[in-house]
Structures are given as C-alpha cells and as structure tokens.
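A.B. asks: So the chains spell out like this:
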Amino acid sequence: MRHHYVLPDISKPGKIGCSLPALDVPASDLPSKDALRQDLALPQVSEVELIRYFTDLSRLNYGLDTGFYPLGSCTMKYNPKLHEDVAVLSGFTSVHPYQPDKSVQGALQLMFELQGLLTEITGMNMTSLSPMGGAQGELANILMLKAYFRDKKDLKRKRILVPDTAHGTNPATAAMCGFEITAVPSDADGNLDLEKLKSMLNDEVIAITLTMPTTLGLFDPHIEEINQLVHKCGALLCGDGANLNSLIGKVKFGDMGFDCVQLNLHKTFSTPHGGGGPGSGPVCVKEHLADFLPSPIVAKQGDAYTFMTPSKSVGRLGSAYGNFGVIVKAYAYILSLGAAGMKQVSENAVINANYIKEKLKDSYYLPYDRTCMHEVIFAEKWQKAVGISTMDVAKRLLDYGFHPPTVYFPLVVEGALMIEPTETESKETLDAFIEAMKTIAKEAKENPDILHSAPHNTPVKRLDEVAAARKPDLRWKMTK
Amino acid sequence: MSSPYVPNVDADRQEMLKAIGVSTVDELFKDVPKKFLNAEFKLPPPLSELELKEKLRQIASKNVNTEEYACFLGAGFYQHFIPSVIHHVTGRSEFYTAYTPYQAEASQGTLQSIYEYQSMICQLTGMEISNASMYECGSAAAEAALMACRITKRNKVVVLSTVNPRYYEVISTYTREHGIELERVDAASAVKLGQDYACLIVQYPTFLGYFEDLGSSVQTAHESGALLVAIASPFALAMYKSPGSYGADIVVGEGQALGNPMSFGGPGLGFFACRNEYLRQMPGRLVGKTVDSDGQPGFVLTISTREQHIKRERATSNICTNEGLVALATMVYIATLGEQGLRHVAELCYHKAHYAEKELSKLKGYSSAFNKPFFNEFVLRCPREPRLINEALFEQKIIGGLDISNIIPNGMLICVTEVNTKADIDRLVKAAARF
Numbered sequence: 009m010r011h012h013y014v015l016p017d018i019s020k021p022g023k024i025g026c027s028l029p030a031l032d033v034p035a036s037d038l039p040s041k042d043a044l045r046q047d048l049a050l051p052q053v054s055e056v057e058l059i060r061y062f063t064d065l066s067r068l069n070y071g072l073d074t075g076f077y078p079l080g081s082c083t084m085k086y087n088p089k090l091h092e093d094v095a096v097l098s099g100f101t102s103v104h105p106y107q108p109d110k111s112v113q114g115a116l117q118l119m120f121e122l123q124g125l126l127t128e129i130t131g132m133n134m135t136s137l138s139p140m141g142g143a144q145g146e147l148a149n150i151l152m153l154k155a156y157f158r159d160k161k162d163l164k165r166k167r168i169l170v171p172d173t174a175h176g177t178n179p180a181t182a183a184m185c186g187f188e189i190t191a192v193p194s195d196a197d198g199n200l201d202l203e204k205l206k207s208m209l210n211d212e213v214i215a216i217t218l219t220m221p222t223t224l225g226l227f228d229p230h231i232e233e234i235n236q237l238v239h240k241c242g243a244l245l246c247g248d249g250a251n252l253n254s255l256i257g258k259v260k261f262g263d264m265g266f267d268c269v270q271l272n273l274h275k276t277f278s279t280p281h282g283g284g285g286p287g288s289g290p291v292c293v294k295e296h297l298a299d300f301l302p303s304p305i306v307a308k309q310g311d312a313y314t315f316m317t318p319s320k321s322v323g324r325l326g327s328a329y330g331n332f333g334v335i336v337k338a339y340a341y342i343l344s345l346g347a348a349g350m351k352q353v354s355e356n357a358v359i360n361a362n363y364i365k366e367k368l369k370d371s372y373y374l375p376y377d378r379t380c381m382h383e384v385i386f387a388e389k390w391q392k393a394v395g396i397s398t399m400d401v402a403k404r405l406l407d408y409g410f411h412p413p414t415v416y417f418p419l420v421v422e423g424a425l426m427i428e429p430t431e432t433e434s435k436e437t438l439d440a441f442i443e444a445m446k447t448i449a450k451e452a453k454e455n456p457d458i459l460h461s462a463p464h465n466t467p468v469k470r471l472d473e474v475a476a477a478r479k480p481d482l483r484w485k486m487t488k
Numbered sequence: 534m535s536s537p538y539v540p541n542v543d544a545d546r547q548e549m550l551k552a553i554g555v556s557t558v559d560e561l562f563k564d565v566p567k568k569f570l571n572a573e574f575k576l577p578p579p580l581s582e583l584e585l586k587e588k589l590r591q592i593a594s595k596n597v598n599t600e601e602y603a604c605f606l607g608a609g610f611y612q613h614f615i616p617s618v619i620h621h622v623t624g625r626s627e628f629y630t631a632y633t634p635y636q637a638e639a640s641q642g643t644l645q646s647i648y649e650y651q652s653m654i655c656q657l658t659g660m661e662i663s664n665a666s667m668y669e670c671g672s673a674a675a676e677a678a679l680m681a682c683r684i685t686k687r688n689k690v691v692v693l694s695t696v697n698p699r700y701y702e703v704i705s706t707y708t709r710e711h712g713i714e715l716e717r718v719d720a721a722s723a724v725k726l727g728q729d730y731a732c733l734i735v736q737y738p739t740f741l742g743y744f745e746d747l748g749s750s751v752q753t754a755h756e757s758g759a760l761l762v763a764i765a766s767p768f769a770l771a772m773y774k775s776p777g778s779y780g781a782d783i784v785v786g787e788g789q790a791l792g793n794p795m796s797f798g799g800p801g802l803g804f805f806a807c808r809n810e811y812l813r814q815m816p817g818r819l820v821g822k823t824v825d826s827d828g829q830p831g832f833v834l835t836i837s838t839r840e841q842h843i844k845r846e847r848a849t850s851n852i853c854t855n856e857g858l859v860a861l862a863t864m865v866y867i868a869t870l871g872e873q874g875l876r877h878v879a880e881l882c883y884h885k886a887h888y889a890e891k892e893l894s895k896l897k898g899y900s901s902a903f904n905k906p907f908f909n910e911f912v913l914r915c916p917r918e919p920r921l922i923n924e925a926l927f928e929q930k931i932i933g934g935l936d937i938s939n940i941i942p943n944g945m946l947i948c949v950t951e952v953n954t955k956a957d958i959d960r961l962v963k964a965a966a967r968f
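Protein chains in written order, with the numbering used here: chain S, 9 to 488; chain V, 534 to 968.
A few of these clues could be false.
[Claimed, not checked] Within a straight-line C-alpha distance of at most 20 Å, the following computed SDA-like cross-link-like pairs (lysine to any residue) qualify:
(1) Lys110/S - Glu924/V
(2) Lys23/S - Gly828/V
(3) Lys905/V - Asp42/S
(4) Lys595/V - Asp311/S
(5) Lys485/S - Tyr13/S
(6) Lys369/S - Ala449/S
(7) Lys479/S - Gly828/V
Just so you know, the hints here were simulated from the structure itself, not pulled from any lab data.
The task is simple: from the sequences and hints, build the whole structure.
C.D. replies: Structure follows, in structure tokens:
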C-alpha cells in the first residue's frame, strides 16, 4: 500500500495527462531566444497513471469521512455533501472578480446576506467577509483596534494582553502589528487570573484578546467582570471565535461585551478543512469599529448590491473579496440549520464533550474537573507515572482506527490531550472511542511497549521528525 | 425531524445527560451568566436539501458566468481550461475532509502531495525552496516584504508602480503597523536604493502586461544589499526564463490560474519560494521527507520552530490555515499537463493574445499602449472611455478588459487565454469596431 515513489519516478518523456486544443489563430513570432527558458523540467505522466497515483495517496490519508476526528480546537465536524455540490455551480465558480457589479448580483446578494447572518449570530453590528483564514481575521481585528485608537488620538496604548492559554496566532498577530505582548496567567480553575489581570490593565493597554470558551474548553464565568475591567481602563475586548461551536444559537459575543470577533467558517460553519485550507475568517464588530472594517464590504442600494470601502478602513487583506467558494458553503450551512438547528449544534457539541469527560475521567487525569464546553482536556500525569507520554497514547489511537486528539496544547497543561467530539458524532461512535481510550489506559500499565512502538497499522510507522529538521529535504529535483 | 448532521436523537441525549449526572442541557452551560444564555436569534427558518439547492441555483443564476460570456479579464485571476482529473482528485474526501497534517502517520497523502507541490513550485520559479502555500498573491507579496525586512534588518520597501495596485494595497495593509516605510516608484532604472532598503518588489510580467528587465532590477536591489522580490505569473513561467535564473531572492505569485476556477476571486493560492539560505525566515508550513522507525521513507511537517504554534510572538508569521486543497489542485494540474502541456498552453495564450492585439490595434481609434514584449495581457488605448465600450460589449455577451483609465488614459487591460477561441476574439474585434 505504501508509496515509495514520487511523480518524477513515474515520469517518461512524451506522456501527458490530458488532451489539449491546437492553435486556431495565425501564429505570431515568438520572443527572442534569450527571453525564453529551456530548463523547465516537470513530470510527464498519463491520465490513468495519475489517477492511480493520487487515489493511492488519498488512501494514506485519514479524513472526516474516514472516521472520528476529535482534534481539539479544530472543530472537525462533518461537512455536508450538499455544500460541495452547490459551491461548484458555474454561476459561482466561473465568475471573474472584476466583472461589473451588475453581472455579479447573485454573488453580492449572497455575501450581503451572509454578512447579516453572521452579524446576527455573533450579536454584533457589522461584518466583513474578506479575511481568508482565522489568523488573517485576527490580523484584521488588531489592525482595526490600532486604527480606532489612532483615530481617537489615543496614542499611548502599545500593549496587548493575551491569556497564556491562547492559540499561538494571537501573540503572533499582535507582534505583526508592532505591539508588546503580555501573557495573562490562568488561575487554578482554568479561568483568567482576575487579580493579575487587574494589575496589568492601565492606559497603555489597547485590548485583551480572549477566546471564549477558552482554549481549555471552559467558559470563564467572570466574563462580565473581565468586560467591565477592560473597558473601564479604556481598552477593548477582542474576541477569538475559534470555539464558537459551543455557543452558536445559544449565546452572542456582542451580548457579552466583545467589541470585535473573528470567526472560522472552516470550523464552526462546517466548510471542509481541505488538508490545511482554504479557510475563511470573517470579522464581526460593534458600531464603533464598523468604519474600520477591512475592505470591501457589500452594501445594498435600493434593489442593487454593490461593494463599498468603509470610511476609515484598515485596507485590503487580499486582491479580491475573501474566499468566496468557502463563503458559499457557510451560507448554505446556516440556511440549512435555522435558529433551532443552530442551538442543537452547540448543545449536542457540549453534551458530547461532557459525556467523554465523564466516561474517561477515571482513566485519564482531568486537570480541570468541572463542566466543560465543546471540548475536554486530559493530561498525561497518570500515564507518565508508568513511562507513557501523550504522544504514545495518540499514536496508539491510530491503531484503533481513530484520529488522535490535539496533543500538547494548550501549553499550560502538561502533556495535554484535547478532545473535541463535535455535534456530528453519534453516541455509538463516542462509546467506541471511549472504549479504545480505556483499553489504551490499561495497556499503558500492562503492556507499555505496544504504546511506545505505536502506531502499528498505519501506512508508515512513527516518523523521525528530528532527522527531517536537521537535514531538510523539502523537494525533489528534475533536470532536462 | 432531527438534523441529518446531528445523529444523536432525543433518547441518546437523555441517556447521555443522565450519564453526565445532569437533568437538563442548560446545566452544562451553568458557567455562562444567565442573562446571556439562550439569546434570541433572528434567522430564517431552515431549508430542506431540496429547497436549499433550488435557492442556491437561483442565486448562482443571477451571476453572469464565463461559460456563457466570452471573458477578456485577467489582472491576476485567469480563466483556463481545467481537465477533469483535477476535481476527481480534489473531490476525494480523504483529501478535502482532512485537517492540517499534524499526525503524520494518518496524513501521508496530504504530506506527500505538499512535497510534490513544493517541488513543482521550485521547478517553475527556479528557486530552491517553497512553502506549502499562502492565502493568495497579495498577502504572499506582503509576507515576502516582511521577510525581507527580517533578513536585512532594514525597514524600507520599494514597490515598482507596474505592480498590480491591488497587491500594493495588501502590502500596505500588512506593513503599515510594522514600522515599515513603503514607497512606490515608476521604473527600476530610476530607483536609487539607499543602504536602508530591505527589498525591491517587481512584477514579471508587469500588471500592464509587458516585461521589464528583471536582470537590471535584481542588480539594482543587490547593489544596495536589498533583496529582489518577484511577483510572477505562473503561465509566463512555463515559457519565459524563471526569476530564479535572473537572481531573484524571493518569488511569489497567484496560483489560481493553474487548475483552479476563478470563483469570484477566492479561494486562490499564494505561492512562495525563495533561496535556501532564507529557510528559517520563511512564513508558512513546510513539508520534509524523512524515514520512519523501520527506515521507510515518509513525510512530516518540518522546521516548525518558525511558526506561531511554537514561537508565538516571535514567529515568522501568524499564518496557520493556508490553501491546502488549492495547492493540491495546482499540483495535480501541473502534473496533468506536464512540462510540454504547460508550455503548449502558455504558447496558445501567447499567440491568441498577440492575434487579438494585432487585430484590435488595426481598428480606427485603437492602439496598443506600449511597444514592448508581452505575454498574454496588453493595454489597449481606446477611442472612448473603456467603461462605455465594455457596456456595449456586455450586450454582445462579451466581458471586456479591465478599465484602467485611472492609470492609462482610455486604457483597457485585455487578457487572452487558451479558452478564448478565434471566434470569440473576432467577435470582440467586431464589436469594438463600432466605436
């Protein structure tokens, strides 16, 4: 089953994977020879060989359609097939972004309506769909904050507070905008340490970026107090919507006092991850930030839809209007659910996570023994005692046919094992997973070697990452 | 009726709540202050699969699509023929429903595909290494500027005025808060770079279609110790000398044209390649080849100590999710055409564009704006405002070129690819002749 070759290995001069048309106009003189290249070497493979090659490769992959994918913080929920079908309608795919507005009214209508839907779902006032990933949405938020305070001539705010549990993208984004970053620690219960927060807040702080629920899968019960403290010192509350799946249809970011929030359509709104994108990271803001939204947004004038640039916009994040193909799928998802369906999503996501927590808390150490939201985090403490690491547990899960949970994140939990089941898994699947996890906990004590050497049933065994980094081999080479 | 995407029925929920030790769902939300819980959501009532498909079909039909209209728009997004192989590969759910390949043993398909992709981008650009993709060309160019500043420890960036204005806007968005000074200058030959410039950014061929001397741009940059960032059109790379062969340091570009639909501008693909010596300053993901515990070859994400999930505020970029599936499609497209097919399509574009340029320039009142070599886009000076001409063309089911009268008086940027037949081009010429 395992591939031992790459495309150049099956390439042969003269082969091609498709038929191409002949020239149907009179030929012009080609440019001078010294402008043209003679060195372009690329694989030459027939269609049938290509299809077999890629079919084989696909079978080395584990996708959501293969099975349970409880990758914490990534919201790997099922991607309805209907979305894939509607997104490839030629009225969506074969449209050039610079066509005149009157020829793209359908696309603009869809974007306008999605802006409205996401604004309502988050309880904000305005939305821009232009960020192309969650991290770019974060960038949009931080740029808006900076522009907002500059506009108010409040220039001394140079620091952003980031909880120590946050995704790496939060501090990385703040750094891209030239901010100092201060980490806010969590307390023993996994909540933000309020005393520490108070001591850090002053008129040099521009905002705190807060993921809610936190990346520990917990809802911080002090959200109202955090909101008051932050705003009292003149700073803003900047939301990271990475974990929105536990709140949709149930709780609104706007109600909780957030000034802005970025979403991940490829998580909460069920568009597929594609092995690492394309994603989409719209930003939803309150009225006072609306003029700063990234360009463009869609407006309605009479019966016609048109693009507009907000008056104090932070500018463009890409050369077009965001990942439109992804936007179509998220729109379809929201319309298929309605308000009641959306509530069912968050409730079932939370039930599923708590069910796993309850069933596994005697087998794995639970660092925060309290009701969780859409994901639960265990730690390696008990397994470590017998010489087993979180990585060993994760790799052994592959042998049982499950994709492992997120491991070693958040950093504040030693040997974290972060399980996010999502609402699209049945009780039967969860029970099978729980059973496998219990068996692994038992194996850790009775037969640790089988964990150390796991996985055994995958196309490759455990890979040498150290060697990969020490002597990088990042490409093949072909020459003419 | 329960949702097809939520398999647990009420009986399951009750049983699970009991196992958890609560009697209502809202007990699980007890940490949420009561006043925020169960907010009212004003959303349209749910649609069935049948209704939803019909609704989306209706919305899509309100767009004019390029299968019904002949399209001569380019400027970064291009209509090319996409062989069936591509969507049959990307349509395999083992690929499109997988996450970023963190667990290598379960993701060899994605990882090996990215390795193939990185290799092909290197071959095309003439560079030593490539990352796994950026969002699209504008942000890739912006990340290149940030990277050049890190490498040179300088903070001035110069962009030639012949770079796509949209790319310039994105570069501006990304660099503004970074303490970077951004300048726009007219021609490379006029540029005198001081010792505080990090990079010179040029486009190959330019936004206006013609080629500028890439070799002299490289020289200008290198003379002051700055890097040369080339924004390259992928189809031009199938025919013309690579930026790498001219000595470029970083090459980025928009990969949409290689096997991906235009999709109203997204998702696209920012490809990003550079010299090996800059490896540890690169943004984005990288896949490397290694061996497993049995000594068998395999692939992993590597050199991750540059990235946000490890380095946090000291990361080379905040990028996380990129354009994985688009990169896959692009790689499969390049493999499907191979070196000969890619060159053939590039030459079709070249000849058809030159045919269109000759025929249009013959018309009274029209002329080619530049007497310079071009690939498949050119600027046509029109006898009237391009907006008016485009409106008339539209009536004939032709989407005309991009109105760039803000840059060139009465200028229209016209793009021709292999999908534009001779009949389409002749129709364009005939319709344009009425002005």
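A.B. asks: Okay, which hints does this one fail, numbers in order?
C.D. replies: 2
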